[in-house]
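J.: Sequence:
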Amino acid sequence: PGKLAVKTGDQVIVETARGVEFGNVVLGPKEVEDDKITQPLKPVIRIATEEDRRIEQKNREKEKEAFKICLEKIRKHELEMKLIDA
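Residue numbers for the sequence shown follow the numbering used here, beginning at 2 and rising by one.
Any given hint might turn out to be false.
[Unchecked claim] Okay, derived cross-link-like pairs now, BS3-like style, lysine-lysine, Cα gap no bigger than 30 angstroms in a straight line: (1) Lys8 x Lys37; (2) Lys59 x Lys37; (3) Lys43 x Lys4; (4) Lys63 x Lys83; (5) Lys43 x Lys63; (6) Lys4 x Lys31; (7) Lys63 x Lys8; (8) Lys59 x Lys69; (9) Lys8 x Lys43; (10) Lys74 x Lys59; (11) Lys8 x Lys59.
It should be emphasised that the hints constitute simulated quantities derived from the structure, not laboratory data.
Using the sequences plus the hints, can you model the full thing?
T.: Listed below in structure tokens is the structure:
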């Protein structure tokens with residue numbers, strides 16, 4: 002329903018149920034039946050800026066480091082759990 006023209010491959014900032022997030026456009030516009038849409042439909046806020054991309058990259062690096070630390074803690078405390086990458 003938004004008025005922002007996006008195309009496949011664009012990186013965008015979107016509003017989601019979890020807040021504002023970085024995303025990649027993987028499909029172009031297409032008609033969908035109303036009963037197939039999960040409401041509320043959230044908008045694309047803007048095309049991602051260089052600053053948005055820099056922040057996303059920094060977040061990915063932090064995510065990798067946090068994953069590594071969690072694995073170390075699981076081993077150290079001999080926990081019976083498997084950490085998965087979401």
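J.: For Lys43 and Lys4, compute the direct alpha-carbon distance and say whether it is at most 30 angstroms.
T.: holds, 13 angstroms
J.: Given the hint that Lys63 pairs with Lys83, does the C-alpha gap stay at or below 30 angstroms?
T.: Distance of about 20 angstroms is within 30 angstroms: holds.
J.: Measure nothing beyond the straight line between the CA atoms of Lys4 and Lys31; if it is 30 angstroms or shorter, mark the hint as holding.
T.: holds, 14 angstroms
J.: Mind checking the alpha carbons of Lys74 and Lys59 for me, to see if they're no more than 30 angstroms apart?
T.: Holds, because 23 angstroms separates the two Cα atoms, which is no more than 30 angstroms.
J.: CA of Lys59 to CA of Lys69, is that 30 angstroms or under?
T.: Since the Cα atoms of Lys59 and Lys69 sit roughly 16 angstroms apart, the hinted pair holds (cutoff 30 angstroms).
J.: Given the hint that Lys8 pairs with Lys43, does the C-alpha gap stay at or below 30 angstroms?
T.: holds, 17 angstroms
J.: Would the hint linking Lys63 and Lys8 be met if the CA-CA limit is 30 angstroms?
T.: holds, 29 angstroms
J.: Given the hinted pair Lys8 and Lys37, is their alpha-carbon gap at most 30 angstroms?
T.: Distance of about 22 angstroms is within 30 angstroms: holds.
J.: Would you mind confirming whether the straight-line C-alpha gap from Lys59 to Lys37 stays at or under 30 angstroms?
T.: violated, 35 angstroms
J.: Holds or violated: are the alpha carbons of Lys8 and Lys59 at most 30 angstroms from each other?
T.: Judged against 30 angstroms, a Cα distance of about 25 angstroms means the pair holds.
J.: Run the distance test for Lys43 versus Lys63: straight-line Cα separation, threshold 30 angstroms.
T.: Within the cut-off at roughly 27 angstroms; holds.
The structure is inconsistent with hint 2 alone, although it conforms to all the rest.
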